[in-house]
Amino acid sequence: MTNTTNEPDQVDTLAAVAKLLHHAAFRAWEQAQAAGPRSPLHLLGLGIHVASCQAVSMLPAGTDLGGYPPTQDDVEQLLRAAAELAQDIPFWHGPVGISILVAAICDLVREVSA
Amino acid sequence: VNTPDQRSVGELLLDADYTIRQVLMDAAGHDAPAMLRTWGEVVQSAAELWATLPPPLEGAPSPIDGATMARLEAMSQGMHHTQVRQGWPGNGPAHEPLLHVAETFTRAGDLVSARGGHIRPVDPAVRADLDAARVRIMHTLYLGAHSVSVATQQHVADVQASSRGKSDRQTRGVPRGQDAVHRLAAFEQLAGAYVGNRFALVGGGEQVRGPAGTQRLQQALVDWDLQAHRTLATAPTPANLHLASRTQAVIATTSASILRAGAATGHVDPEAYEQRLAPTLDATQQAWTHVAGRWAEMTSPADRTDTGLVHAAGELRAALREVAHDKTTWASPQVMAGRVDLGEVAQHLQQALSASVDVAAVVRDVAAHDPNLTGPARAMSHRAMSHRANADIDQTAGPGHHGADVAWVSPLDILANRIVPIPEPVRAGLVDATDTLVHSASNAMSAAAFLDHPTQDRPTTHGQEPATSLGRRPEGPTPKTQEAPRAPHP
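Residue numbers (the numbering used here), protein chains in the order written: chain P, 1 to 114; chain Y, 1001 to 1490.
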């Protein structure tokens, strides 16, 4: 196992996961800012952003995460989509830490939908 | 007639992977007793399968092969003995998906044994397959432990929420569940070290169960402060500055929540908190959030963030959640007070608020002086024009003033959205925002000075309501915190 993945399918999947997490974090922060400085959504946004950073760190440098934004607009929907995609990344050929990322995303889904 | 299982070892391990991921997705509090009853079987069957795999060749560069699994098996046996001694969770049905994982491992072990697991293959491809099998087993255990831990935490919270008026027997699941959670956390950390490639931790035979509650939070705050300084000194990139600012904003948000709970339960002077500290915490939170937004504009989604900073932020968030969070919102003051000594936590937060002034100063220094700051051309052009327009409203143009018609970013760069050096108005906006940040962080530090002194009538037991009037006024002169917080520029 390596720190990043170079398998084309895995890169595509992981890039999609990173993109979903990126948008979920910003949606959470938008809602947090609207709710005020004492909103617990600030904490949620940070958790999603940390997971996003972890996903990006597993991608080859220079991977393009641009293009169209995800179709989902709701934080929970974005996280669930990321969790479902992450389930498809195999552990044994995946980058180091992929199972930790999978667990983190599942925890975030649980956190937002408890 | 049952047809024999024709699957290969690889297919069986894939099945275990798939099942455990489903278990993770579905983990719920009501499953915890069955999961705890079955978890030992999963670990035992994994250890037996591990033992059947041909050992590494002499000199194989793996300091943790074998040792990790042996430690995990010992941990699991220890948990099992405790459960038997305590009679909790007691007899009952097994957790079917976990039982399926255990049976799958057993089947895989039987297959390997039948085919000669004692032989040491030298073919690199075969050895790679064996390494992959070990990693997959460990991944399954890592996710399994995490699932059982999540379900048990939920179970404990459910029992706590419905425990009023119940007998000790009915609520015994709380302390026993908490003990199980701590032990599963150690298990998870050890398995996670294997799958996360942190060989040094496991190979060194360190104690893997970390601190919890107050100690964990204190350690996480200190580690965060050190890591933020270290990262921003060596790599002050917009991505790192963004994460640092977001995390500092969360420290302010969560401090307000915890200190409010402290005020409500008599651990913190309520008047000093409400009148002086709370407004400054809100102002510094907003200032950090505003600055974070500015750094975010200068990043793209693919920008890398320093892994040390990411780890420190993640651990700090986890430690803050452990104290202050409950499901989707803040925990009640009584719940927080039952978790930690809020007076002690208040003192750690006071130190963190002091430390955040210096982080703010570092961020301002980068904003004002770092010559390498860059950002995407479109966002930079938009921000430059926006800042210039605000400046034009604020003041009459003086000598050297650039009007709104100045192109701060070339059209070609905008078209391709290239990464460009930040234009002068963007830097000016950053300096304004970070000046406000330093000012508000200093105010919060001053207002938090009273937290150094615990309230005289502070409760001695976690979760107790104060019996008499709360708190006292802080000693000494009132800190100079009365300036109205400056609103950040839009």
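Keep in mind that a hint or two might mislead.
Unchecked claim - A partial selection of chain Y residues facing chain P, derived with a Cβ cut-off under 7 Å: (1) S1113; (2) H1139; (3) R1216; (4) R1304.
By construction, these hints were calculated from the structure, which means they are not laboratory data. Only a predicted model underlies this, so the values are computations on that prediction, with no experimental measurement involved. Glycine residues also receive a C-beta, built at the ideal position from the N, C-alpha and C atoms.
Checklist entry - What hints, given by number in increasing order, does this structure fail? => result 1, 3
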